[in-house]
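Enquirer: If you read the protein sequences in the order shown, they are chains A and B. Letter by letter, the first sequence follows residues 0 to 357 in numbering that gives the first Met the number 0. Letter by letter, the second sequence follows residues 0 to 603 in numbering that gives the first Met the number 0.
Keep in mind that a hint or two might mislead.
Said to hold, decoys possible - Here's a subset of chain B near chain A, in silico, CB distances under 7 Å, partners left out: (1) Ser183; (2) Val276; (3) Gly297; (4) Arg321; (5) Thr352; (6) Leu384; (7) Arg386; (8) Met457; (9) Gly459; (10) Pro484; (11) Gly492.
Please keep in mind that the hints were generated in silico from the structure rather than gathered at the bench. Just so you know, even glycine gets a beta-carbon here, dropped at the ideal spot from N, CA and C.
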Amino acid sequence: MNSIFIVAVLFLFFIVIFQIAKASEYVSVLKGENLAKKQNNKINAFLMLVFLVVGLFGVWYCNDLYYSKTLFVQGSASIQGEKVDSMLKLTLLVTGIVFIATQILLFWFSYRYQDSDNAKVYYFPHNTNLELLWTVVPAIVLTILVVIGLRNWFSFTSEAPKDALTVEVTGKQFGWIFRYPGKDNVLGKKYYKNIDNATNSVGLVWDDKSAQDDIVTEQTFYVVKNRPVKLIIGSRDVIHDVGLVHFRMKMDAVPGIPTTMWFTPKYTTKEMKEITKNPNFQYEISCDQMCGNGHYSMKGIIEVVSESEYQSWIDKQSPYYFAAFPDKNPGQTKLPVSDSSKSSTSSNITTNYNNHKI
Amino acid sequence: MSSTFSDHSSATLVAPHLLDDTHHEHHHETFISKYVFSMDHKMIAKQFLVTGIFWAVLGGLMSVLFRLQLGYPDASFPWLEDILGKWAKGGHITPEAYYALVTTHGTVLVFFVLTAGLSGTFANFLIPLQIGARDMASPFMNMLSFWFFFLAGLVMLSSIFVETGPFSGGWTAYPPLSALREASPGSKSGMDLWIISMALFVVSSLLGGLNYIATVLNMRTKGMSMTRLPLTIWALFFTAVLGVLSFPVLFSGFILLIFDRNFGTSFYLSDIYVNGVGALPNEGGSAILYQHLFWFLGHPEVYIILLPAMGMVSEILSTNARKPIFGYMAMIGSMFAIAILAFLVWAHHMFVTGLNPFLGSIFVLLTLLIAVPSAIKVFNWLTTLWRGNIRFTPGMLFSIGFVSLFISGGLTGIWLGNSALDIHLHDTYFVIAHFHIVMGVASMFGMFAGIYHWYPKMFGRYLNNTLAYIHFWITFLGAYLIFWPMHYEGLAGMPRRYYDYSIWESFKQFSDLNRFISTVAMIVFAVQLLFIANFFYSMFKGRKLLTQNPWNSNTLEWTTPINPGHGNWEGDIPEVYRWAYDYGKDGTEFISQVTPIGSSESTH
Numbered sequence: 000m001n002s003i004f005i006v007a008v009l010f011l012f013f014i015v016i017f018q019i020a021k022a023s024e025y026v027s028v029l030k031g032e033n034l035a036k037k038q039n040n041k042i043n044a045f046l047m048l049v050f051l052v053v054g055l056f057g058v059w060y061c062n063d064l065y066y067s068k069t070l071f072v073q074g075s076a077s078i079q080g081e082k083v084d085s086m087l088k089l090t091l092l093v094t095g096i097v098f099i100a101t102q103i104l105l106f107w108f109s110y111r112y113q114d115s116d117n118a119k120v121y122y123f124p125h126n127t128n129l130e131l132l133w134t135v136v137p138a139i140v141l142t143i144l145v146v147i148g149l150r151n152w153f154s155f156t157s158e159a160p161k162d163a164l165t166v167e168v169t170g171k172q173f174g175w176i177f178r179y180p181g182k183d184n185v186l187g188k189k190y191y192k193n194i195d196n197a198t199n200s201v202g203l204v205w206d207d208k209s210a211q212d213d214i215v216t217e218q219t220f221y222v223v224k225n226r227p228v229k230l231i232i233g234s235r236d237v238i239h240d241v242g243l244v245h246f247r248m249k250m251d252a253v254p255g256i257p258t259t260m261w262f263t264p265k266y267t268t269k270e271m272k273e274i275t276k277n278p279n280f281q282y283e284i285s286c287d288q289m290c291g292n293g294h295y296s297m298k299g300i301i302e303v304v305s306e307s308e309y310q311s312w313i314d315k316q317s318p319y320y321f322a323a324f325p326d327k328n329p330g331q332t333k334l335p336v337s338d339s340s341k342s343s344t345s346s347n348i349t350t351n352y353n354n355h356k357i
Numbered sequence: 000m001s002s003t004f005s006d007h008s009s010a011t012l013v014a015p016h017l018l019d020d021t022h023h024e025h026h027h028e029t030f031i032s033k034y035v036f037s038m039d040h041k042m043i044a045k046q047f048l049v050t051g052i053f054w055a056v057l058g059g060l061m062s063v064l065f066r067l068q069l070g071y072p073d074a075s076f077p078w079l080e081d082i083l084g085k086w087a088k089g090g091h092i093t094p095e096a097y098y099a100l101v102t103t104h105g106t107v108l109v110f111f112v113l114t115a116g117l118s119g120t121f122a123n124f125l126i127p128l129q130i131g132a133r134d135m136a137s138p139f140m141n142m143l144s145f146w147f148f149f150l151a152g153l154v155m156l157s158s159i160f161v162e163t164g165p166f167s168g169g170w171t172a173y174p175p176l177s178a179l180r181e182a183s184p185g186s187k188s189g190m191d192l193w194i195i196s197m198a199l200f201v202v203s204s205l206l207g208g209l210n211y212i213a214t215v216l217n218m219r220t221k222g223m224s225m226t227r228l229p230l231t232i233w234a235l236f237f238t239a240v241l242g243v244l245s246f247p248v249l250f251s252g253f254i255l256l257i258f259d260r261n262f263g264t265s266f267y268l269s270d271i272y273v274n275g276v277g278a279l280p281n282e283g284g285s286a287i288l289y290q291h292l293f294w295f296l297g298h299p300e301v302y303i304i305l306l307p308a309m310g311m312v313s314e315i316l317s318t319n320a321r322k323p324i325f326g327y328m329a330m331i332g333s334m335f336a337i338a339i340l341a342f343l344v345w346a347h348h349m350f351v352t353g354l355n356p357f358l359g360s361i362f363v364l365l366t367l368l369i370a371v372p373s374a375i376k377v378f379n380w381l382t383t384l385w386r387g388n389i390r391f392t393p394g395m396l397f398s399i400g401f402v403s404l405f406i407s408g409g410l411t412g413i414w415l416g417n418s419a420l421d422i423h424l425h426d427t428y429f430v431i432a433h434f435h436i437v438m439g440v441a442s443m444f445g446m447f448a449g450i451y452h453w454y455p456k457m458f459g460r461y462l463n464n465t466l467a468y469i470h471f472w473i474t475f476l477g478a479y480l481i482f483w484p485m486h487y488e489g490l491a492g493m494p495r496r497y498y499d500y501s502i503w504e505s506f507k508q509f510s511d512l513n514r515f516i517s518t519v520a521m522i523v524f525a526v527q528l529l530f531i532a533n534f535f536y537s538m539f540k541g542r543k544l545l546t547q548n549p550w551n552s553n554t555l556e557w558t559t560p561i562n563p564g565h566g567n568w569e570g571d572i573p574e575v576y577r578w579a580y581d582y583g584k585d586g587t588e589f590i591s592q593v594t595p596i597g598s599s600e601s602t603h
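Based on the provided sequences and hints, a complete structural model is requested.
Expert: Here it is, written out as structure tokens:
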């Protein structure tokens, strides 16, 4: 009932505007079309000026309202991201100047050169020097931006440092699986036809010895402050994207084609909670590539911790192999391949899943 | 309806039919041959326009519905369940419906409205009229072009009503999501219909495009050399070339997708395990291959949308500033540069796909290069206004609005084209703000400018001016209010295509802003309905045109009768003696292209 009422009011409102508009046309015909045209021209020219002033004020006001909600305020949480931020600022400066200058010219010219009986049009079809000027100057400015951009681009996409912590990230509808190489520091072989949701979520090849000590977790993984992290990214089903806004990094997860990305975290999660003054702060991994109806809920967490915290966490993890073959757990049988002597049970992994709700 | 069009048929009946090159065939016209299967380029243009308007309303309405979800994620709207049924259970749009709406909104606006609605309308309408031809090179192909488009629309429309819903994987339709029926309900029969519709659309585009090219190259009237063409025609010509060269590549991408979906091939599929299905047999394909094929069209497509708007805006700015367009040759040169570069930048949509970094760097360079011809165009438009005598007709207002939006949206392209920044901003709201301003709203403004400017030529009547001014100012202000703040959401890293942000610690701080944006979007949509009311009302009841040349314009279309018949000119086609932009020359307000050069005229 209520919604019908609203629709009716809106419809009436429409009719009123329409009738007023029709009436104003009759009036303009009565007044003489030239007079009406002149009046309209003046009003619109004035509105151009108003729009310029209100618009520039609006740009400032919008910035005032929302700047504090962007990532500029907290700064980059990775060393690489600092370069992104400084480049953003330079680009903002350059494009900002051009924006303000050209918009002022556009609206000022519109107002200043409104139709008037006294004015004579300046016949000005071309001018080679002017045209050269605004070809060459943008070209030079853009060259500078390209040079800075490419220098950063090549450093971001370069080979990760040797001491980097390697973690494999696998996307699936709709969550993340992480794999550490284990004691031997080698990620074991995997084949997607071995995937089994219950016991082998990434499809490890158990015959491969280097796979037997790999550690697999879901939803959350741990990295170390000031130590480079290299992510080897893949997907189990459709294309996903590992989006790390706080580190200013992003890379697609493509089935069948592994991609990589590396960065160096600057602050631990705890430190970031203080910097952002948000006790709930977390380094969230957002999926940034449309991957199906649960796309918006595909969240992962990165915990950045100190070296010692990391060691005590990783020591508690037991190889995924034991989750698949509990009877081979050193607690029951001695395994030559497994050198993880820490007494942890396979249930560790399951607790890890449940710690973080999506 | 018949009263609108009866004037001209009687006018042509009395016109002398003595000349061989006037092939008027009005005598046997029936309703069907005149309004339905018409081969008159002007009628086909109107068909494209009205169909485009239909899709614009539907596509716009979809954006209002999904903005409702984004702005008011917790509210419940029982009336939504009334119209959407199971797609809005309990008055909440479901994620399935949300993604279907987003996808269909994108597809419809990009292809049906801003490609077919824009260049379909104005290439058909303006090319023969402005080059001095009686019709297109092949009126029959032209008719087919419209009806393939119509059919594409019907198929797309039908996909909304299938049980599993329309396709919902984004307008880019990346596989494997679009290839695997099990990956998403929208990838079932909704996707089959989506591909069929797009394939029909490609056929329509090719039929139209080939025709436009042939007409511009071969059918110009005497004296109309290429360098005397109005810039609208140059723009529409480049647009057609882009379409003809890039749509077939998209088509090839779709063919491979059809094979992967239906015939067990592995062009795009490899190493896939689908929940609930298990491991698929496909190995060795590349999901990235599709993106290359898609964006090889997808990027030129941006210019297919933008160039016609640029051309019309150049023409309208010059006419209403009463001053020649500044740097005519530079305008053509920059459009040519844009057309070439459009083919060499596609991978800037793919910087974060794991693309080879060296290849990426080449695409950064070429992408930022496009800013140079774009800058030339902007400065030339500004100089055209400088020391002019500006008449603020509605068409002129929308043209100025276009320039403002093109600057705003174009500049953010410099951010996104630089891969080191894209790695942060890719697929955030910054991208949404960028392409909506520069491609969506700006081209829409170009289209409005064109409609307001050429409506008198199309229908022999004026649109209501007061409504036009209301339409312009609210839309212009609204466009900035909607899309400007989105830059800030993007700079906070807020990803696009999310149904709900409330579970994200990093992105939930914008709920007030989202509500504001949604509210403005609804108001702006309502104002478009006002325009549509004006459009259809004025067709029958608008103020009648009393002169042939209401804007005192130089181009050829204004030398035709007020309501031109099929064949456009009565008697001979006029001969052309000069370029289209002699405004204010030697103190004369305007000199039509058909006026011979006077002996005392100055040269420039």
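Enquirer: Under 7 Å is the threshold here; is the Cβ of B:Met457 close enough to any Cβ of chain A for the hint to stand?
Expert: Status violated, d = 19 Å.
Enquirer: Verify the interface restraint on B:Thr352: the C-beta must sit less than 7 Å from at least one C-beta of chain A.
Expert: Given a least distance of 5 Å, the restraint on B:Thr352 holds.
Enquirer: Have a go at the B:Arg386 hint: is there a Cβ in chain A nearer than 7 Å to its own Cβ?
Expert: 4 Å, holds
Enquirer: Regarding the hint that B:Gly459 lies at the interface with chain A, is the smallest CB-CB distance below 7 Å?
Expert: 17 Å, violated
Enquirer: Take the shortest C-beta to C-beta distance between B:Ser183 and chain A; is it under 7 Å?
Expert: Status holds, d = 5 Å.
Enquirer: Are B:Leu384 and chain A close enough, Cβ to Cβ, to be under 7 Å, as the hint says?
Expert: For B:Leu384, the interface hint holds, since the closest Cβ of chain A sits about 4 Å away, which is under 7 Å.
Enquirer: Interface hint check: B:Pro484, Cβ to nearest Cβ on chain A, cutoff 7 Å. Holds or violated?
Expert: Nearest chain A Cβ about 6 Å off; hint holds.
Enquirer: Hold the hint about B:Gly492 up to the distance rule: shortest CB distance to chain A must be less than 7 Å.
Expert: 3 Å, holds
Enquirer: Double-check B:Val276 for me: the hint is only fine if its C-beta lies closer than 7 Å to a C-beta in chain A.
Expert: 9 Å, violated
Enquirer: Checking hints one by one. Is B:Arg321 an interface residue toward chain A, by the C-beta closer than 7 Å rule?
Expert: Holds - the Cβ of B:Arg321 comes within 7 Å of chain A, reaching about 5 Å at its closest.
Enquirer: So, as I understand it, the hint says B:Gly297 touches chain A; can you test that by seeing if any CB pair is closer than 7 Å?
Expert: 15 Å, violated
In the structure shown, a violation is registered for the earlier hints numbered 2, 3, 8, 9, in ascending order.
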